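Given chain A, work out where chain B should sit, using these hints.
If you're matching them up, the sequences are chains A and B in order. So the mapping is simple: my numbering equals the position in the first sequence, first residue as 1, plus 5. So the mapping is simple: my numbering equals the position in the second sequence, first residue as 1, plus 1167.
Honestly, the hints are just simulated from the structure, not real lab data. The structure presented is a predicted model; accordingly, all values stated were derived computationally and were not measured. Glycine included, every Cβ here is placed at the ideal spot set by N, Cα and C. Heads up, some of the hints might be wrong.
The following residues of chain A were derived to be distant from chain B, with all beta-carbon distances above 10 Å [as the list claims (entries may be wrong)]: (1) Glu-11; (2) Asp-45; (3) Val-205.
Here are the simulated lysine to any residue pairs, SDA-like style, with alpha carbons at most 25 Å apart [unchecked claim]: (4) A:Lys-100 - B:Ala-1194; (5) A:Lys-98 - B:Ala-1204; (6) A:Lys-100 - B:Ser-1196; (7) A:Lys-100 - B:Leu-1198; (8) A:Lys-98 - B:His-1177.
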Amino acid sequence: MSLMEEMNARALRLGVPLSVHFDLTYRCNERCEHCYLDHDDHGEMTTAEIREVLRQLADARVFFLTLSGGEALVRRDCFEIIGYARSLHFNVKLKTNAILIGDEEARRLLALGVEQVQVSVYSHRAEVHDAITQVRGSLERTLGAIRLLRSQGMRVTMANVLMRSNREDSEGVRALALEAGAVYKLDPTVTPMMDGNTSVLRHGVDASELSSFFHNPNLVGDVERFCAPPPSVDDSIREGLPCSAGHTSCYISPYGDVYPCVQFPLPCGNLRRQHFLDIWRNSPQLLEVRSIRGKDLTTCSSCAHLGSCTRCPGLAYQEGNMRGPSSQDCEKSFVRTGIPSENLKARRAAPQPLLFSHLVQIESTPPVLNLPMAGNPVPSFH
Amino acid sequence: MSEKYITRSHAVAARDLGGEMMIMSAADSNLFSLNEAATVIWQAADGRTPLSEIVARRVCAEFDVPLEEAYRDAEAFVEELSSHGILRVSDQPVADAPSDQAAAGAEPAPQEAP
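Isolated chain A, as found in the complex (with noise of 0.2 Å):
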């Protein structure tokens, strides 16, 4: 067991929630054209209240803060709230489209101690980049500050969301990410809006184009080991989590809504009612969310690939059922495995539209890439 394997099943028994992803605001200045947020303020958390948040995150002992929005460097306050998060010592990785970083920004970020900043590339290309930003000059200025990041000396990721308008382009994304000496990450998930509204899906790919995605070893690593049938299911992995959400994560809005996961709106508490804490230990809906084993979930504690299934509870609440299967995991297990999942095969008896049919996640760090493997029953915490 590595060490933030222990880290994680330590925190998992303690009960302590290990990471939290704060959004700052849902403002933002690109208008992304598959973004799952409203963009206007309804009333996000003043400074004051923010860092109150920060100060219960920290007696509940989180580690692992991520801060993004929207774009969290629109709030004039952005960089008071990171140097105060650092002074409580938080691990802060920081998720930006990075044009309004400049030499000054870059170094504040370094001296603040971010562990990382995960920045937002669609394409090697700008026609491309700047047509699903819809704002022209945005990936000049986005690598523009990428660079001067790595001049700095700051880890950086390049998150490649995978969509159709930039489907051949993900090997000129890696490359760049490359150059600039930054880590590649590829995402083909489009994620529902946050009211439901399932019309940005539209934008991300077919699963039956996933495969080739799935076979290249420059994502994978062992396509062999990745792709490999999904292991016999035994009590461990009926008995088992789904994810980590709402065990040892959670995320928090600019409203200061708790939700189980930034992918999983069911609301849970919200802090300008609540301590943080409260909500955490004694949410009604944490604790349902917690009491789900593998065991417990319709159609898929049936299901061949139970053990192995990157299956998100988030998803699966989207589609109406936080028990249920969540479509696009049972498209994702199929392509990987060519084995059909239950809910494919009961989808293919009684066909229907599969709305969710090209939500996956692939993540990767060179230079062996490190995706979601077979035969991994436990949590995985990300």
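Structure of chain B alone, referenced to chain A:
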């Protein structure tokens, strides 16, 4: 024997998880786990208290270990963390050292949620 003063680096993340300190370096993302005795030293690394005093008053008081052996182990531990940039070692007290336990990532005192 010259005294050693140890100070926690600002460029780390740290949190007490069940009595053992988890530390991650922002510089290289290396993760460290300190056992209970090492955690005591980390939390006492205020840059003003000599290492010998930390060992004598904190480590030996909390763990049943002879002073000489504890100090030898503490020196090796401090040198190792120093080589990773997690702790700074000085032969003089450090003026701008952190002072509170929150800065050390210590577990807070239990409190009732409102």
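Now the hints, each set against the structure:
A beta-carbon of chain B is positioned within 10 Å of the beta-carbon of Glu-11 (chain A); the least distance is around 7 Å. In this structure Asp-45 (chain A) is separated from chain B by more than 10 Å, as the shortest Cβ-Cβ distance comes to about 31 Å. Taking the minimum C-beta to C-beta distance to chain B, about 33 Å, the non-interface status of Val-205 (chain A) holds against the 10 Å cut. As the CA atoms of Lys-100 (chain A) and Ala-1194 (chain B) are separated by approximately 18 Å, the hinted pair is consistent with the 25 Å bound.
Restraint check: the Cα-Cα separation between Lys-98 (chain A) and Ala-1204 (chain B) comes to about 30 Å, which exceeds 25 Å; the hinted pair is violated. Straight-line distance between C-alpha atoms of Lys-100 (chain A) and Ser-1196 (chain B) comes to about 17 Å, which keeps the hinted pair within the 25 Å bound. For the hint linking Lys-100 (chain A) to Leu-1198 (chain B), the alpha-carbon distance of about 21 Å falls within 25 Å, and the restraint holds. Using a Cα cut-off of 25 Å, the hinted pair Lys-98 (chain A) and His-1177 (chain B) holds, with the two alpha carbons roughly 16 Å apart.
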